[in-house]
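Undergrad: Here's the letter readout for the chains.
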Amino acid sequence: MKVRRELLLIIILTIVAGLVPLGFGDDTFVMRIIILGLIYAVVGSAWDLIMGYAGVFTFGQIAFFGIGAYTTAILSTEYGVSPWLGVLAGGVMAGAVGVLIGLPCLRLKGSYVALLTFGVHMLFAAFVVSSLGVAIGTGGSGGILGIPPFSIGGYRLDALTLGPWLYLALGFFAVSMLIIYKVIFSHTGTAFIALRDNEQLAQSVGVSSYRYKLLVFAISAVLTGSIGAYYAHYTGFVSGRMLGLDMFIMLMVMQVAGGLGIFPGTAIAAFPVLLLNEYLRVADVYRPIVFGAMVLLLVLFLPRGLLGTLGGGSDGLTSLGRIDGLRRAVRRPRGAPKTDVEQPSPDTRPEPEP
Amino acid sequence: MREFTSVLISGLSNASVYALLAMGLALVYGVSKVFNFAYGSFFSLAGYLAWVLFSIGLGYPAVIPLVVIMLFVLGAGADRLFIRPLRPQKEWETLVVIATLGMALILDGVDLAVFGPFLRELPPLVGGTTTVGGFVISNLDVAIFCAAAATIGALLLFLSKTKMGLAIRAVAQDIDGAQVVGIKHNTVFTYTFAIAAALAAVAGILLASRYFVSYKAGWDILLKAWVITAVGGMGSLMGAAIAAVGLALLEAVVAWKIGASLTTFVWFGLLIVLFIFRPQGIMGRWG
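So the sequence lines, in the order shown, correspond to chains A and B. Per the numbering used here, residue 1 is the first one in the first sequence, and the count goes up by one each step. Per the numbering used here, residue 1 is the first one in the second sequence, and the count goes up by one each step.
Take these hints with a grain of salt, some might be off.
[Said to hold, decoys possible] With a straight-line Cα cutoff of 30 Å, these simulated DSSO-like cross-link-like pairs (lysine-lysine) come out:
id: 1; chain 1: B; residue 1: K216; chain 2: A; residue 2: K182
id: 2; chain 1: B; residue 1: K33; chain 2: B; residue 2: K184
id: 3; chain 1: A; residue 1: K182; chain 2: B; residue 2: K161
id: 4; chain 1: B; residue 1: K257; chain 2: B; residue 2: K216
id: 5; chain 1: B; residue 1: K161; chain 2: B; residue 2: K184
id: 6; chain 1: B; residue 1: K90; chain 2: A; residue 2: K109
id: 7; chain 1: B; residue 1: K163; chain 2: B; residue 2: K33
id: 8; chain 1: A; residue 1: K182; chain 2: B; residue 2: K33
id: 9; chain 1: B; residue 1: K184; chain 2: B; residue 2: K216
id: 10; chain 1: A; residue 1: K109; chain 2: A; residue 2: K182
id: 11; chain 1: B; residue 1: K33; chain 2: B; residue 2: K161
id: 12; chain 1: B; residue 1: K184; chain 2: B; residue 2: K90
id: 13; chain 1: B; residue 1: K257; chain 2: B; residue 2: K33
id: 14; chain 1: B; residue 1: K33; chain 2: B; residue 2: K90
id: 15; chain 1: A; residue 1: K109; chain 2: B; residue 2: K257
[What the hints assert, rightly or not] A short list of chain A residues far from chain B (calculated; beta carbon distances all over 10 Å):
id: 16; residue: V3
id: 17; residue: G18
id: 18; residue: T28
id: 19; residue: I33
id: 20; residue: E78
id: 21; residue: L88
id: 22; residue: S130
id: 23; residue: G153
id: 24; residue: T235
id: 25; residue: M247
id: 26; residue: Q255
id: 27; residue: E278
id: 28; residue: Y279
id: 29; residue: Y286
id: 30; residue: F291
id: 31; residue: P303
Note that these hints are calculated values from the structure, not bench results. From the three backbone atoms N, C-alpha and C, an ideal C-beta is built for every residue, glycine too.
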C-alpha cells in the first residue's frame with residue numbers, strides 16, 4: 001500500500017507528540033507546550049485548508065475558535081451539559097456561523113472576504129464583552145470561570161495531571177488532521193487546488209467554486225470550533241482576552257513558516273513557533289516587533305514556507321499534472337456533490353449529420 | 001433640534017476625515033489591487049509623530065507638513081521594500097496581505113515599545129465655539145472639516161492636473177495600456193502607496209486633535225475606512241466620499257440615540273445587507 005508523504009508526516013507527528021512527554025517525565029512546561037502546540041496545529045491546519053487550498057483569504061478562524069469555546073463554556077456552566085456534548089455543540093455552532101458568514105461572503109473577491117471575516121472577528125470580540133453578550137451568558141469582560149473538565153467513564157480529568165489532557169488533545173489532533181487530509185486528497189480537495197490554480201479553467205470544466213468553498217468553510221469552522229471547545233475545558237475559563245491579536249499573530253507566523261497550502265506544514269511549524277514564543281517572553285514589548293519582522297522576512301525570502309522550500313508538500317497540480325488534476329476534479333465519484341455544469345456524456349452527444 | 005444639529009455637524013466633520021481615509025484605501029486598491037492592512041498603523045503612527053513634534057515645541061503649521069512628509073517617505077519605502085518584490089509571485093495578493101499585516105505588527109509594536117500603553121493627547125487644533133443663528137457650533141468641528149476638505153480638494157487636483165496624477169488614473173483604468181504609452185507602473189504603485197500613507201497622516205493628526213493617540217486605535221480606523229470603501233465601491237473615490245458622509249451621519253445618530261459601542265455592529269450589518277444585494281458597492285464595478 002502506498003502511503004502519501006503527507007499522511008506519513010501526520011503519523012510521525014502524532015507519534016512524536018505522544019512519545020516526547022514520556023522522555024521528559026512529568027515536565028509541566030513540555031506538556032503544556034505540546035498540548036498548546038496540538039491545539040494550534042489543528043486551528044492552523046484548518047485555516048490552511050481554507051486559505052492555502054480553497055484560496056479563500058479568511059480571518060474568521062479565531063472567531064470560530066472563540067465561538068466553540070464560549071458555546072461549550074456557557075452550556076456546561078449554565079446548563080450542566082456534558083463537556084463531550086459541549087465540544088460537539090461548539091463545533092456545530094462554529095460551523096453554523098461559518099456557513100452564515102460564508103453565504104454572503106464567498107461570492108466576494110479576496111480582499112473583501114479578508115476584511116469581512118476580520119470584521120467578524122472584531123465584532124465577536126466586541127460582542128462577548130457587550131451587554132448583548134452578557135445577556136446570553138458570556139460573562140462580560142470577566143469571562144466565564146469554572147468550566148468543568150472532561151470525564152471519561154467515572155474518571156474526571158483534573159487540571160494538575162496533564163497526561164490525560166495531552167493524550168486527549170492528541171486524539172482531537174489526529175482525528176482533525178485525518179479529516180483535513182481526507183478533504184485535501186479527495187475529489188473536493190482536487191477541485192480546490194484546480195480552482196486555486198486556475199479559477200476560470202476549473203469553472204469552465206464544471207467545478208463550482210461557491211459550493212466547494214462553502215463546504216470547506218464549514219468543515220474548517222467545525223474543526224476549529226471543536227478544538228476551541230476542548231481549549232475551554234482544558235484551561236477552565238474563557239475570556240475576551242483569548243480573542244486578542246496574540247493568537248492571531250501566532251497563527252499567522254505558523255502559517256507563513258509552514259507554507260500556504262502545504263499540508264501539514266502549519267502543524268509542524270506550530271511547535272517551534274510556540275517554543276520561540278516562550279523564549280521570546282524575555283523580549284517583552286519587543287515580541288510583536290520580532291514576530292512582525294519574522295512574518296515579513298519569511299514572506300519575502302521563503303514565500304512557500306520552510307516545508308515548501310525544502311521541496312516537500314503537496315502543491316499538487318502544477319504544469320502537466322494540472323490537466324490530469326482537473327479531469328479528476330470533474331469526474332464525479334459516487335456520492336460526491338454535484339457540480340453546477342454537467343459534462344456532456346458521449347451517448348447524449350448528437351451524431352454528426354452525414 | 002439644537003442637539004440634533006450639533007450631532008449632525010460633528011458627524012459631518014468626522015465624515016470628512018473618514019472620506020479622506022477611505023479615499024487613500026480606494027486609491028491604492030483601485031490602482032494596484034493591494035489591500036494595505038498597515039493603513040491603520042500608519043494612522044496611529046502619524047498621531048505619535050505629531051505628539052513628538054509638539055513636545056519639542058512645534059505648532060500645527062509645522063507639524064502637519066512634517067508628519068505628512070515622514071509618512072509619505074515611509075509609505076514609499078514600504079512599497080519599494082516589501083510589496084514590490086512580492087508582485088511577481090503567483091499568490092502575491094495573499095502574500096501582500098500577510099506582509100502588510102507584518103508591517104502593522106512592527107509599527108504597532110514600535111508605538112507600544114516607545115510610547116507605552118498610555119493614551120497621548122495633542123493640543124487642540126482650535127478651541128471655543130461659534131454661535132450661528134442660535135446654533136452653537138464647535139470651532140474644532142469646522143476646522144477639521146475644512147482641513148479634510150482642503151486635503152481632498154488637493155488630492156483631486158493632483159489626480160486631474162499633474163502628470164503623475166494622470167499616470168495614476170491611467171494605471172487604474174488600464175494597466176497594459178498605460179504601460180504601452182510608457183508609464184512605469186511600479187513607480188505609480190509606489191506613489192499611490194505613499195500618497196495613501198500621507199492621507200492617513202493628515203487623518204491621524206486631525207482625529208487625534210479631537211480624540212487621543214493610541215497604538216490600538218488604528219485597527220478600528222482601518223475597519224471603518226474599509227467599510228466605507230466597500231460600501232462606496234472598492235476603487236471609487238466618489239463612492240468613498242458619499243459612503244463616508246452617509247456612514248458617519250449614521251454613526252453620529254446611533255452613538256447619540258443608542259450608544260457608541262453599537263455603531264460597529266450597525267455598520268457591519270449594513271455592509272452585509274449591501275453585499276447580498278449589491279456586492280460591488282454603491283459606485284463600484286468589478287475588476
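Undergrad: Evaluate each hint against the coordinates.
TA: Comparing the hints with the structure gives:
{"no.": "1", "hint": "B:K216 to A:K182", "result": "violated (40 Å)"}
{"no.": "2", "hint": "B:K33 to B:K184", "result": "holds (16 Å)"}
{"no.": "3", "hint": "A:K182 to B:K161", "result": "violated (58 Å)"}
{"no.": "4", "hint": "B:K257 to B:K216", "result": "holds (26 Å)"}
{"no.": "5", "hint": "B:K161 to B:K184", "result": "holds (18 Å)"}
{"no.": "6", "hint": "B:K90 to A:K109", "result": "holds (17 Å)"}
{"no.": "7", "hint": "B:K163 to B:K33", "result": "holds (21 Å)"}
{"no.": "8", "hint": "A:K182 to B:K33", "result": "violated (34 Å)"}
{"no.": "9", "hint": "B:K184 to B:K216", "result": "violated (36 Å)"}
{"no.": "10", "hint": "A:K109 to A:K182", "result": "holds (27 Å)"}
{"no.": "11", "hint": "B:K33 to B:K161", "result": "holds (24 Å)"}
{"no.": "12", "hint": "B:K184 to B:K90", "result": "holds (21 Å)"}
{"no.": "13", "hint": "B:K257 to B:K33", "result": "violated (38 Å)"}
{"no.": "14", "hint": "B:K33 to B:K90", "result": "holds (14 Å)"}
{"no.": "15", "hint": "A:K109 to B:K257", "result": "violated (35 Å)"}
{"no.": "16", "hint": "V3", "result": "holds (29 Å)"}
{"no.": "17", "hint": "G18", "result": "holds (32 Å)"}
{"no.": "18", "hint": "T28", "result": "holds (29 Å)"}
{"no.": "19", "hint": "I33", "result": "holds (23 Å)"}
{"no.": "20", "hint": "E78", "result": "holds (24 Å)"}
{"no.": "21", "hint": "L88", "result": "holds (28 Å)"}
{"no.": "22", "hint": "S130", "result": "violated (6 Å)"}
{"no.": "23", "hint": "G153", "result": "holds (44 Å)"}
{"no.": "24", "hint": "T235", "result": "holds (25 Å)"}
{"no.": "25", "hint": "M247", "result": "holds (13 Å)"}
{"no.": "26", "hint": "Q255", "result": "violated (8 Å)"}
{"no.": "27", "hint": "E278", "result": "holds (18 Å)"}
{"no.": "28", "hint": "Y279", "result": "holds (17 Å)"}
{"no.": "29", "hint": "Y286", "result": "violated (6 Å)"}
{"no.": "30", "hint": "F291", "result": "violated (6 Å)"}
{"no.": "31", "hint": "P303", "result": "violated (5 Å)"}
Against the hints set out earlier in the document, violations occur for numbers 1, 3, 8, 9, 13, 15, 22, 26, 29, 30, 31.
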